[in-house]
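Please build the complete structure, drawing on both the sequences and the hints.
In this note's numbering, the protein residues as written are 342 to 446.
One or more hints might be untrue.
Using C-beta positions, here's what the derived DEER-type ranges look like [stated by the list, open to error]:
hint, residue 1, residue 2, range
1, Q383, A404, 27 to 35 angstroms
2, R356, L422, 18 to 26 angstroms
3, H376, P353, 34 to 42 angstroms
4, K429, H380, 17 to 25 angstroms
5, A391, A346, 15 to 23 angstroms
6, P403, T430, 26 to 34 angstroms
7, T368, S423, 20 to 28 angstroms
What the hints contain is simulated information worked out from the structure, not anything from laboratory work.
Every value quoted in this text rests on a predicted model; they were computed, and no experiment measured them.
Note that beta-carbon positions come from the ideal geometry of N, C-alpha and C, so glycine has one too.
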Amino acid sequence: MLGQARTGYRPPPPRRIRVIGEAGAATMRSLLAQHRGAHQIQRSNDARIAPLARVLSGGSVPAGAAVSEQHILDLEREPFLSLCGEPKTRERIQHMLTPSKPLRN
342 MLGQARTGYR PPPPRRIRVI GEAGAATMRS LLAQHRGAHQ IQRSNDARIA PLARVLSGGS
402 VPAGAAVSEQ HILDLEREPF LSLCGEPKTR ERIQHMLTPS KPLRN
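What follows is the structure, given as structure tokens:
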């Protein structure tokens, strides 16, 4: 690392990711409601997966905005920790670590 510093190395700028923004999140929530209406997902799952639309869309930004990877990680933190607090999530994680097959609980 010292050699790199001596030669003037600078890390590349943080990556920027183009996101679909608030409009995209609204579309995802609408699709989620349609799947629920068609009984393709259970209502109990909605509350767990709905916050992921915000993460995947980049949060409260306009469509096409470029956000940092850190911004996405910051959005992801709360829903991830919340899911980790669910007993079924912990059961699924434990099951994947043991026999390496998905658990449908």
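Structure-based check of each hint:
no., hint, result
1, Q383 - A404: 27 to 35 angstroms, "30 angstroms, holds"
2, R356 - L422: 18 to 26 angstroms, "24 angstroms, holds"
3, H376 - P353: 34 to 42 angstroms, "40 angstroms, holds"
4, K429 - H380: 17 to 25 angstroms, "20 angstroms, holds"
5, A391 - A346: 15 to 23 angstroms, "46 angstroms, violated"
6, P403 - T430: 26 to 34 angstroms, "32 angstroms, holds"
7, T368 - S423: 20 to 28 angstroms, "23 angstroms, holds"
Checked against the numbered hints given earlier, this structure breaks only hint 5.
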